[in-house]
Amino acid sequence: MRQITYGEAAVEAITEEMEKDKGIFYMGEDVGRFGGGYGNTKGLWEKFGNERVRDTPMAEAAIIGFALGAAITGMRPIAEIMFCDLLCLAMDQIVNQVAKIHYMFGGKVKVPLVIRVPLGGLRKAAAQHSQHLEAWFLHTPGLKIVVPSTPRDVKGLLKSAIREDNPIMCLEHILLYQRKGEVPEGNYTTPIGKAEVKREGKDITVISYSLMLHRCLSVAEKLSEEGIEVEVIDLRSLYPLDMETIAASVKKTNKVAIVHQASLTGGVGAEVGMRITETVFDYLDAPVKRIAAQDVPVPFSPILEDFVVPTEERIEGQIKRML
Amino acid sequence: MELDKQFLLGMYEKMVRIRKFELKVEELHTQSILPGLKHLYIGEEAVAVGVTSCLRDDDYIGSTHRGHGHLIAKGGDMKLMMAELYGKKTGYCKGKGGSMHIADFSLGILGANGIVAANIPIVGGAALSIKMRGTNQVAVSFFGDGGANEGLFHEGANLASVWKLPAIFVCENNQYAISTSQLKATAIPDIAQRAKAYAIPGHLVDGMDVLTVYNAAKKAVKRAREGEGPSLIECKTYRFRGHYIGEGSRTFTYRSKKELKKWQERCPITRFGDILLREGFLTDDVIDDINRKIDEKIDEAVRFADESPYPAPEDALEDLFVEEGTS
Numbered sequence: 001m002r003q004i005t006y007g008e009a010a011v012e013a014i015t016e017e018m019e020k021d022k023g024i025f026y027m028g029e030d031v032g033r034f035g036g037g038y039g040n041t042k043g044l045w046e047k048f049g050n051e052r053v054r055d056t057p058m059a060e061a062a063i064i065g066f067a068l069g070a071a072i073t074g075m076r077p078i079a080e081i082m083f084c085d086l087l088c089l090a091m092d093q094i095v096n097q098v099a100k101i102h103y104m105f106g107g108k109v110k111v112p113l114v115i116r117v118p119l120g121g122l123r124k125a126a127a128q129h130s131q132h133l134e135a136w137f138l139h140t141p142g143l144k145i146v147v148p149s150t151p152r153d154v155k156g157l158l159k160s161a162i163r164e165d166n167p168i169m170c171l172e173h174i175l176l177y178q179r180k181g182e183v184p185e186g187n188y189t190t191p192i193g194k195a196e197v198k199r200e201g202k203d204i205t206v207i208s209y210s211l212m213l214h215r216c217l218s219v220a221e222k223l224s225e226e227g228i229e230v231e232v233i234d235l236r237s238l239y240p241l242d243m244e245t246i247a248a249s250v251k252k253t254n255k256v257a258i259v260h261q262a263s264l265t266g267g268v269g270a271e272v273g274m275r276i277t278e279t280v281f282d283y284l285d286a287p288v289k290r291i292a293a294q295d296v297p298v299p300f301s302p303i304l305e306d307f308v309v310p311t312e313e314r315i316e317g318q319i320k321r322m323l
Numbered sequence: 001m002e003l004d005k006q007f008l009l010g011m012y013e014k015m016v017r018i019r020k021f022e023l024k025v026e027e028l029h030t031q032s033i034l035p036g037l038k039h040l041y042i043g044e045e046a047v048a049v050g051v052t053s054c055l056r057d058d059d060y061i062g063s064t065h066r067g068h069g070h071l072i073a074k075g076g077d078m079k080l081m082m083a084e085l086y087g088k089k090t091g092y093c094k095g096k097g098g099s100m101h102i103a104d105f106s107l108g109i110l111g112a113n114g115i116v117a118a119n120i121p122i123v124g125g126a127a128l129s130i131k132m133r134g135t136n137q138v139a140v141s142f143f144g145d146g147g148a149n150e151g152l153f154h155e156g157a158n159l160a161s162v163w164k165l166p167a168i169f170v171c172e173n174n175q176y177a178i179s180t181s182q183l184k185a186t187a188i189p190d191i192a193q194r195a196k197a198y199a200i201p202g203h204l205v206d207g208m209d210v211l212t213v214y215n216a217a218k219k220a221v222k223r224a225r226e227g228e229g230p231s232l233i234e235c236k237t238y239r240f241r242g243h244y245i246g247e248g249s250r251t252f253t254y255r256s257k258k259e260l261k262k263w264q265e266r267c268p269i270t271r272f273g274d275i276l277l278r279e280g281f282l283t284d285d286v287i288d289d290i291n292r293k294i295d296e297k298i299d300e301a302v303r304f305a306d307e308s309p310y311p312a313p314e315d316a317l318e319d320l321f322v323e324e325g326t327s
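The listed protein sequences correspond, in order, to chains A and B.
Taking the numbering used here, I'd label the letters of the first sequence as residues 1 to 323.
Taking the numbering used here, I'd label the letters of the second sequence as residues 1 to 327.
Simulated from the structure, these hints should not be mistaken for lab results.
It is possible that part of the hints are untrue.
[To be verified] Below, simulated DSS-like cross-link-like pairs (lysine-lysine); rule was C-alpha separation at most 30 Å, straight line: (1) 297(B) to 5(B); (2) 22(A) to 164(B); (3) 108(A) to 20(B); (4) 110(A) to 20(A); (5) 22(A) to 297(B); (6) 202(A) to 289(A).
[To be verified] So the derived label-pair ranges between C-beta atoms look like this: (7) 316(B) to 285(A): 32 to 42 Å; (8) 222(A) to 317(B): 42 to 52 Å; (9) 278(A) to 316(B): 13 to 23 Å; (10) 317(B) to 74(A): 22 to 32 Å; (11) 277(A) to 317(B): 21 to 31 Å.
We put the CB at the ideal spot given by N, CA and C, even for glycine.
If we strip away everything but chain A, and leave its shape as in the complex, we get (with noise of 0.2 Å):
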């Protein structure tokens, strides 16, 4: 099969979408000739001219309402905000008014909207450009969220996305971008809330998603030539949450670790790790672990850095000790 990056996978199912539905438009900065801050818009616009791929001001408030006043009647807008931590300058309209209008309008309006936003860290780019501030959004009722970790899925699952009606956030690792990887030509949907194995294993489950995932997987193959046999699964959707998925994987390995760059207090690991504490606790011959960053802001030295997120090296070391 033909390999592309995560960027320009993204891109095609935009493209594709946008091809076929005249309602849907993308706005955010610099995502018109510039092609995204990343490259991640890259060829939109030389497609769809300046009435569907609209540069806006530095405005994240506005992009996000905009594109729900829009979504409202009768558009179907993919909204950008150019790096997660920028949702900050946007929350109202995200958290009060994007999730609740569906709810609080009593179901009589729907909101076919998506976020995309580029999302950081492990770039020496410190505390304002680094966050993963998925956890805040899993905690708001009336969000979906994706956190595509390949290519291959960043195209499924930004076309499940844009085709549903309801407010989707597709959170993109910056680091992802221009990593390769097999992806079918055309039309293929990713479900949304549907987690995937990645690699099988009767050792122990390592539970990520986005970059971290890929360094999971690095420390699988490590370890199985060690003759430890990690089961890796890429949780792909934070919202659904996959958990039928997770808890076969720890009724078979009963034991589990969960591994995110965001920090560890309140993270989706502690919302992972405690629903498989309710549900399959039973089945656990050791707590569940979380493998996240320090619970400090992230550092902008190398050295600092690398001390915060999880490295390959952390993550094998603290999923040794759990065996």
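Start from chain A and add chain B according to the hints.
This is chain B only, laid out in the frame that chain A set:
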């Protein structure tokens, strides 16, 4: 007078309808029949009616926490509104929204909004949608003097102007953001002046005079429909009640009885009624008739709400997402 008699009587009737609805809400709330927070529109009727009288059914409005007046003015059904205020299943939002979150998409009412200024970008987005779909609808955002100080106002007004969208920003300057005087919270005397910063027309009007509001809104609507872009209208008005029902005597920590009385003497309904009486469009008998008919409608709304069932507790779990997901 150049406006048609029936049209003017319709405006008058709507203003009275809003006033009487709000008085009933106040009464029911004070009797602890209605739960939750309520913000009454009494005193500001000329703004909602003046603006919406320029609109078509398919035009959009975005409303505020003080939204009952806008909804009634845009044609909202008082029965469904009252049932929502009761928290009943038959209400506009099945009891999930309440006073601050009522919407009727069939009437272009994109919802009341409990967050100050939050409807501004949403209305801007509706205006963007209008432009992209190529209809000649318009979208109106109501917000207060408090809302004008939120960043959302700046982001929304700027982008709507940059993209020349058919949006109309109506600032209901009722002088106070809860208890904080506009004079203490805003660096300029008139919010309409801010229009300059967005290169759009700014109309400063007497918000106690429905015809003045109507005339300004008409210009803004015309401009928007013709694709010329947004306008800002500031209506100087006043709420005759506290920020919310239950403010009580605390209302006089930030304003005087004398000031309240002065504004009450400029009651927009009495004032418009006097004009209509003078022009011979209205007689005391007609006023009585209007009052009686509205009272009946409000009684009917209360009866409907009162007799309606509450939602089942587990209905709270419905409507989080569109069921099927995809269209």
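In rising order, the numbers of the hints this structure does not comply with | Violated: hint 5 alone.
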